[in-house]
Amino acid sequence: MELVTPAIGLVFWMLVTFSLLLLVLKKYAWKPILTSIKDREETIEKSLQEAANARAEMQKLHSQNEALLAEARAEREVILKEAREIKEKIIGEAKAAAEEEAKKLIARANDEIGKQKSAALDELRKEIASFSMNIAEKLVGKELENKDAQKALIAEQLGELSKSQSSAG
Amino acid sequence: MPDFSRLVANLRISKILVVLGFCAFFSLSAGSKDPVSASTDTKIEAAVDHGEKHGGTHGEEKMDPGKMILDHISDAHDWHLWGHTSLPLPVIVYTKSKGLTFFMSSKFEHGTAAYQGFKLNEKNKLVWEDEKQTEAIYDLSITKNVAAMLIAVLVLLLIMIGMARTYKARQGKAPRGFHNLIEPLILFLRDDVAKSSIGPRYESFMPLLLTIFFFIFTNNIFGLIPIFPGGANVTGNIAITMVLALVVFLTVNLIANKYYWKHIFMPDVPVAMYLIIIPIEILGVVLRPFVLMLRLFANITAGHIIILGFFSLIFIFGAMSPVAGYAVSPVSVAFTLFMSLLEMLVAFLQAFVFTLLTAIYIGMAIEEHHHAEHH
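Protein chains in written order, with my numbering: chain A, 1 to 169; chain B, 1 to 375.
Chain B extracted, bound-state conformation (with noise of 0.2 Å):
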């Protein structure tokens, strides 16, 4: 697999490539000390100024890598490129007393200015100027994760049509270049996933499996580049795992056939035992989907944080001494880099397990004889 070992080349150059982008934002980024962070650890804060004194050239800040990986894995109202470039995203707020209100986030400057009676609070979350407002505030804004997801969607939109052209031009012929790549997934999705799982009904299925696989594995992928357009945790939000859960939670529910129902309200057990068993049940109907969300959130997220965790080492020390920061380093772009693998993996691995279970709830929904045992 030539695009493979290109990929991982190119990792291993952008992950050099994000040690010099973080060397440049910590050194460079004075702004947006928040009383939080004002409180770090004096150990750290006697180093940071052990090192200033010897280092010298570059005027290095507080490290807080809580907040760093944090602020990192949370949404953000403009994207930060590298130092103080950060590209603005379009804000969209609606109030009822306001209406629908629109408005660029460079407008904020970094949180440190109000705009139009809006601002950020220090979690980058967009509060009313006044404080003592309690009017609800509907924040729409493009936000950095939309605008990722939205990238995102683009590119496997523009893949997968060009592909179906591709296969449209082709009739009948055999598949070439990046269609080797796609097409086993689609094969895999399709033979081992859906008809597995599903059963002869599985055709009627097959778009919203391949979408759901595509969408969370792309944005897996995407979530690993370092670098713009990457970088952003989308499927490490719990609120794109959510709307993901619900989608396959009515999915589930509206295809159900009765043998589901049946199955929910008259299991085969002594009438005597309904009292546990169909509120076991129905928890179980809105189980499942909750844990298709949090797997997914988890899962991302975490790899997300072991990185940037992994990242903070080489901070960490080097405020204890230039020195220890160097000789960690090493190690430190070692482990990232196994990590970044492994969570490549992870981000194929999460993709499928998702469309897997979404695949087997359906199959349950819809199956047309009655299992008495299938938990």
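Excised from the complex, chain A in its bound form (with noise of 0.2 Å):
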């Protein structure tokens, strides 16, 4: 029974020392141990998110680069292909307006040449036919009476003669 009979003495030192502890403990030991810890806390906590905000910055401008060069490839591909294509435009147009030219010149040194070849043969005709006159009177030896009659039978036979020639040339 002694055993389960709480001493008077041992109550009364009980209850001021754990008072005294109590009080001395939550002002010079948990106070300040639990206020450490919980801003050792919060600082890990802030510093971890702020570790998470900085990667994800990190991530973000990561991202935003790799867009940025996307972007960048693709315009180059763009550009190349404009230059590409502005180039085949050029030399497209370019070979057009030489052949253009080339024809035209051609079509101009054509016609010019059929000129003078006409020119050449009316004069070559009234060559022939001034030649002719003078052939025919050196071997007649006299002006002949009758000139007309003689023009027409000479222009006549240079007729046959161009036709024949015409359609042999």
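Fair warning: there could be bad hints in the mix.
[Stated by the list, open to error] Pairs of lysine-lysine residues, derived as DSS-like cross-links and limited to a Cα-Cα distance of at most 30 Å, are as follows:
id, chain 1, residue 1, chain 2, residue 2
1, A, 38, B, 168
2, A, 104, A, 89
3, B, 195, A, 27
Don't read these hints as lab results, they were simulated from the structure.
Since the structure is predicted, the reported quantities are computational estimates derived from the model, not experimental observations.
Join the two chains into one complex using the hints; note that each chain is given alone, in its own frame.
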């Protein structure tokens, strides 16, 4: 029975000691310790949050960079394509223009040649007529009386000649 | 955990020391015979005589394990160190007629002498020398338990205030050294005991819970150290656990909100049931701290009794024959070592259980929403 009978002295000292212990520890130990632990936890929490934010930021920057790069690459592609197209167009246009010009030149040259040729043929015909007249005068020795009839004859002859000539040439 | 293994190693060494200490104690202390132990088991007595005839060198005395264990687990006015050496402790007595009396317990000469009209009876209790006197004695002595408690509290204060100082000095840095041992306990109590049992308002109860836990834990551990300044059965003393339970009782009932009282006096049951439920609820209010008191007291006292019981085996068998004593001692030491380790677990467990239940009772008292069933 004595074991379960609280002794008054022990109760008294325990009350005093425990109350003092509680007060002293509360003020000088638990408050600072708990505050420090809490502060540290908050610091850790904040640091982790900041690290996560930084990582997210970096990720964002990285993906932005990627996007920018991709965009730049696409733009380069477009520019290059355009340039190629322009080049081809210019070359094509130049070719077409050159061909046109060449055709024109050839046509003009042909015209010119044709003109020159017909002029030369006329000249030649006249020359031949006068040559023939001269030759005939020299052959006959005198001027024929009926010059007009003669001229017509010659013209006829020449006409035949030029006809046969044009059919030949 | 190197600290832990070192502690275990120390414990083992102290066990060996305590074996030697007990040998010395029982072989040398010839005094303090009282009429109760005179009537000890005749078999043991005969065996002791037998042992004396053969053992020769040391004068063994009658061994009464029951009395030895009871002496150990109850309080005393002086602190027995070894053999005949005891540490005298201050005796403070208040009586109406004499007022406050103060002297050292060595004046009693181990209970054999009276001083200033007081003496110690056979149960180490302070009584009037004149047994006819009936005036009440208020014995406020610094007894062994008070001294042991004060030492434990001093150590606790030194550790915790030192820790607080280091925390301030190392603001925001990682814990180091001894902190790693204490901080997990504090965090465990905060997160798994206070936060989960009390809820969002846990912070204002942290000092109380931490103080209760570390007070019980420190005193439990000190009680397991077999040599001075440990070995006292502080937390296994009903007066100590009574005050702790009283603190819990007062705290819980003083902070309790209206839901708590409504739960007791106007529970969610038919009015006809009030006659049964209300007395049960009121009984519960008192019983909860009462059980706290008994649980701690019984667990720690039982631990001390078991450990001492295993040791007593050596001397009981030794009393039969020295050979049996020596043969039993390794077994006894092994059992005691095992029990001491178990008691270290119990030391933590009981401190934890007391704190957890306190937190749960506080949580019940300040819970905002009324739940009909949480018994």
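Violated hints - listed by number, lowest first: Those not satisfied: there are none.
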